[in-house]
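Protein sequence lines, in the order shown, are assigned to chains A and B.
Residue numbering for the first sequence follows the numbering used here, beginning at 81 and increasing consecutively.
Residue numbering for the second sequence follows the numbering used here, beginning at 81 and increasing consecutively.
If you're looking for bench data, these hints aren't it; they were derived computationally from the structure.
Even for Gly, the Cβ is constructed at its ideal location relative to N, Cα and C.
One or more of the hints may lead you astray.
[Claimed, not checked] Straight-line C-alpha distance at most 30 Å; calculated DSS-like pairs for lysine-lysine:
#1 B:Lys137 to A:Lys185
#2 A:Lys564 to A:Lys182
#3 B:Lys302 to A:Lys296
#4 B:Lys181 to A:Lys296
#5 A:Lys302 to B:Lys296
#6 A:Lys137 to B:Lys181
[As the list claims (entries may be wrong)] Reference excerpt, derived from the structure (chain B facing chain A, CB under 7 Å, subset only):
#7 Asp101
#8 His104
#9 Leu112
#10 Asp115
#11 Glu122
#12 Gly123
#13 Ala124
#14 Asp127
#15 Glu130
#16 Gln131
#17 Asn313
#18 His314
#19 Ser329
#20 Asp332
#21 Lys580
#22 Lys582
[To be verified] Okay, the calculated bits of chain A under chain B, using three or more residues with CB under 8 Å as the criterion:
#23 96–107
#24 307–320
2 protein chains.
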Amino acid sequence: MDYSGNTMSDAFNALKERLADFTHLNQAESVLSWDQETYMPEGAVVDRGEQLATLGKFAHELFVAPKTGRLLRDAAKEDVVAQNPDSDEAAIVRVTLRDYKKERKIPVAFVTELERTRAQSHQAWIEARKASDFKHFEPWLVKMVDFARRYADLQGYKEHPYDALLDSYEPEMRTSLVRKTFAELRAGQVPLVRAISEKAGTNSDALLHGHFPREKQIEFAKHVSQQFGYDYNHGRMDFAAHPFETSFSARDVRITTRLYEDFFNPMLFGTLHETGHALYEQGVSNAFAHTPLEHGVSLGIHESQSRMWENLVGRSHEFWEHFYPELQVIFPAQFGHVALNDFYRAINFVSPSFIRVEADEVTYNMHIMVRFELELELIEGKLKVHDLPEAWNARYREYLGITPPNDAIGVLQDTHWGIGLIGYFATYTLGNLASVQLFEQAQVDIPGLRDHIRAGNFAPLLQWLRMHIHQYGRKYTPDELMVKATGKSLSAQPYLTYLKQKYSQIYGL
Amino acid sequence: MDYSGNTMSDAFNALKERLADFTHLNQAESVLSWDQETYMPEGAVVDRGEQLATLGKFAHELFVAPKTGRLLRDAAKEDVVAQNPDSDEAAIVRVTLRDYKKERKIPVAFVTELERTRAQSHQAWIEARKASDFKHFEPWLVKMVDFARRYADLQGYKEHPYDALLDSYEPEMRTSLVRKTFAELRAGQVPLVRAISEKAGTNSDALLHGHFPREKQIEFAKHVSQQFGYDYNHGRMDFAAHPFETSFSARDVRITTRLYEDFFNPMLFGTLHETGHALYEQGVSNAFAHTPLEHGVSLGIHESQSRMWENLVGRSHEFWEHFYPELQVIFPAQFGHVALNDFYRAINFVSPSFIRVEADEVTYNMHIMVRFELELELIEGKLKVHDLPEAWNARYREYLGITPPNDAIGVLQDTHWGIGLIGYFATYTLGNLASVQLFEQAQVDIPGLRDHIRAGNFAPLLQWLRMHIHQYGRKYTPDELMVKATGKSLSAQPYLTYLKQKYSQIYGL
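Only chain A is shown next, with the shape it has when bound in the complex:
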């Protein structure tokens, strides 16, 4: 197939052919990973590792070959690229060249060693968490921190080795900026958490615990995700132990979710969260099809989409003014006699807790800050892995006012570090901040946005996101996107204002 269209230059055409091969290999890897998390029988896990390793090897070899560099440099000289720096073609060359230069800095031996160690480390983490035995995981985490440091050295950085780690998840983000933003956030959020804790007892989520039959939960969650605009002709929903969204191309974007019959929240809000991710991926311009740009630009911007649909829309009063009557029809015994306002307060119940993935909107960022600060100290060598559990617990006491009773629901709770994902956590909070900053701009640009939501009309918001975020894929950096969409770089203030307003009202502060 000819992926190039007919108007482009020969060099650009040749580049696109090569990128199409590379992209298809990556897509195949993603399909195999999706299958591994959803349907693959357990006994296939070793073989699946081998299949993925082979696909990864072919994709990597193709991409870092000098020929890719030559094609990129030749294509960069073509008129369509050189004379139109803001064109999609120029973006394809620019972003891919950036990837290429980064990939070339990492020797294959490093990748192989990391992959092998990661598999063992992940296994050790699983066992350690099960036994709540940090000692069992400690030597592997030492290795993982060491890998992260070596990676930063190989990649290089301007200010801080952690910059190189961040860059894998949030291109061009700087540690200094995250630190500054988080400090602002901490100053505003810690008092808010305390103030709400003092009102503990004035709110509860008890009415969300009960019996919610499986099929009805699925029906409702799917219905809402469709109303948001998730296209099931190019997507689907399955179940997984750890829900995720994955995109093979913009024409095949899948979500997974999980369901408990005794608790209402995970299925619905999990689905809305993943739907937010999926809407982003389904909205990438066709100009980037069969190229590495056909994805969201960063984890932070991605999370801004998931959190916007989950929280700013899905936990808003307006949203439930529309959907609550429907929900009452589906669950008459559970919600038939519950007033909208009581339901709204219950789904916005705040309570400091140990587990990040179960945290409410107000406390969530505190979990992230703990991890970000500890990662930074580990990378800087100020904190030894050996002392990590104690440092973890101290920080939970300080930020959330609670002390984890054991390491399983403390420092061992997340899978990330065990598989070497260091520099990743901050993006969750960056996403929260961006979600509000973008939503506020959407409110400025779309007259009556809240009324649209109240009417169950999500098309104006989706259109705005398509236009300002989704279509660009990886064309612009996260900062460029934020400035283009909102006129400003990312800031903590809109988020703090939003939290204070919403929760002062709910908790009568």
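Based on these hints, arrange chain B on the given structure of chain A.
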């Protein structure tokens, strides 16, 4: 990873590394194809084609590269191969070299042209069948027959161009032998079909039509497949429009099935059929892991396994002596008051019909003979595609005593020709014949085999098949396998005897 073990030579090790890469690419292709048939959203079909084409290209280029040939020839000289012609290592070199020589004869341009044409031809067939309009499909079938002839010329053959086509599905099978075997079969089966048709009205499958709730059907079919020995830790069951079995490796062997709540047969017997295929693939020796030999050797031998578990076991009186009481508990309203013997007669109801995939044990081969004979005449140029519908209908009249009322349930019913699968159909009947010949040998070798089945003990049969068929993967040719297992080449006589005995009893002939 080192796929070679430690005792092998360097040349053999290097070969195994290369074959592992090749195998993993093929496995990835199979995962993507499985996904396409089970879960993939419709809107992803074009992208999926691209992904599969890229994987196919990488696999093909890797395999036909001169380096593969060098490694094969070097490995062939190593002691472990040269001095042990019956070793697994020698088999890996021998069978792969055979594949290599065949692949090298087909130019990439031919493959590309065929792939592209096949996609359009398949689409035309879908439309033609829908409208029962053979004319719409005719030009595409002309192309497909032409591809088949060109393929035979490229591949070369000793006696007949159709030999080269057969060889893709049934290695080393000759047209002359199929012709001779089918003639024998026809001579015995046509009179049997007639004799049973004269007794029409003495039997019926009415009691298998009714209401059979979905979950109960799944429960029972899965239960039986587990009892047969299908390992769900290395397998799984899903639903697909056209049921199939697929094996990524012996550690991940999946089946699909289909279910109608108003008809009992398709779910159960379809599952047992695919389970037979799956047992074969799960039983291949680990010596062939990560090589092209880790699959069943041919479609015919594969079908012998599926038909044995579906028919010789699953439609036997002994089988139901064990399972019928369980079935009555699961479906008390439907079968509670039906005697075992009436149920047994119903599941062995014979009735000449138009659709191959719905045919009973007695008439099934007649459907195949029609196709085989027409294919042969098309390849020989004795029959024009234009005259095919008429020839089809004439042959149905002759062999089955019925005339298809339209082409949709006549010549257009099967997908095979539309995608260029010519030379494939005969293997269904070869499989039927082999299933009986193997089962009779198993009865000789396993004292009281029918009693074991009557007791729900399938392990002795599975062990016998593991030992004589499954473990070898593609090591031996189908004929070598049959001779090793039964002392004889494939013959029509055991099957004819089996049919006559079983159905004379049921129909009182």
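Hints and how they fare:
no., hint, in the structure
1, B:Lys137 to A:Lys185, "holds, 28 Å"
2, A:Lys564 to A:Lys182, "holds, 26 Å"
3, B:Lys302 to A:Lys296, "holds, 26 Å"
4, B:Lys181 to A:Lys296, "violated, 57 Å"
5, A:Lys302 to B:Lys296, "holds, 26 Å"
6, A:Lys137 to B:Lys181, "holds, 27 Å"
7, Asp101, "holds, 5 Å"
8, His104, "holds, 4 Å"
9, Leu112, "holds, 6 Å"
10, Asp115, "holds, 6 Å"
11, Glu122, "holds, 6 Å"
12, Gly123, "holds, 4 Å"
13, Ala124, "holds, 4 Å"
14, Asp127, "holds, 5 Å"
15, Glu130, "holds, 6 Å"
16, Gln131, "holds, 5 Å"
17, Asn313, "holds, 4 Å"
18, His314, "holds, 4 Å"
19, Ser329, "holds, 5 Å"
20, Asp332, "holds, 4 Å"
21, Lys580, "violated, 42 Å"
22, Lys582, "violated, 36 Å"
23, 96–107, "holds (count 5)"
24, 307–320, "holds (count 7)"
This entry does not satisfy hints 4, 21 and 22, going by the numbered hints stated previously.
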